[in-house]
Amino acid sequence: MIYRKQGIGMSGKNKKRPIHLDLLHIRLPVGGVVSILHRVTGVALVLALPAAIFLLRQSLLSPEGYGRVSAWLRSLPMHIMLFLLILAFTHHFFAGIRHLLLDLDIGISRDGSRRGAWLVLAAVALLMVTSLFLLW
Amino acid sequence: MVTLRHGGSAHRGLGEWLVQRASALYLAGFSLWLALRMGRGWPADFTAWKSWLGGGGVRLAFGMFFLSVALHAWVGMRSVFLDYVKPMWLRLVLQMMTAAGLLVLLLWAAEILLIEARP
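Respectively, the protein sequence lines represent chains W and F.
In terms of the numbering used here, the first sequence opens at residue 1 and continues consecutively.
In terms of the numbering used here, the second sequence opens at residue 1001 and continues consecutively.
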């Protein structure tokens, strides 16, 4: 993030601007929504990491372990967890690619970044519908 | 034009920025590869699963994946803490717990890839 010193000062007509931002009162632009979801999904994916490594280990230990893991993954609660994880991953993936493109100044304009954010949400929705069909 | 200051904490931020991007690129490529592999049909049983994961290239790819995840998670979690956790002591505690946790997970994954996944 780049701050310009002149922009932050308390000079001129902008004295009444809010000093803190009340998250319950401001309506975040779509780029902001995609961005905060990128963080939320990132934290969720990190929290899922121990379980994923545990399952990987179990699945490699013995045929019985492998059977247990596939039985777990086939149960309904795990299906729901799996669906949420795929949702988190898909969002993190596409929003991350958007961030990488923004680094390259692609889609950096106000309209361009809004279009990009909507595109991310559309891609996530599309892939989630597909994965719903594949999972069930 | 943005001019970069050299040395000190500014330099460190640039390094973390690069690590985040480089690991992101690997993770994206790895995920696409895994998704394509899944699309061609997942190894059907224990034997097929084990022989697939036992391959040197696959284990290397997974090892790089876990390393990238650990680095990527570290930079990401750190920026979350920096933005939302204001008391310095709590921030340091969370950062240390994250670093220790990620290190343990990385060693655990390395053990699995080197021992359990060995053909």
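Incorrect hints may appear among the rest.
Unchecked claim - To give an idea of the interface, some chain W residues facing chain F are shown, with a C-beta separation under 8 Å as derived from the structure:
#	residue
1	P50
2	L61
3	F93
4	L100
Think of the hints as simulated: they come from the structure by calculation, not from any bench.
Note that this is a predicted model, so its numbers are computed, not measured.
Beta carbons: idealized from backbone N, C-alpha and C, even for Gly.
Tell me, in ascending order, the numbers of any earlier hints that this structure violates. Nothing - there is no hint that the structure violates, so all of them hold.
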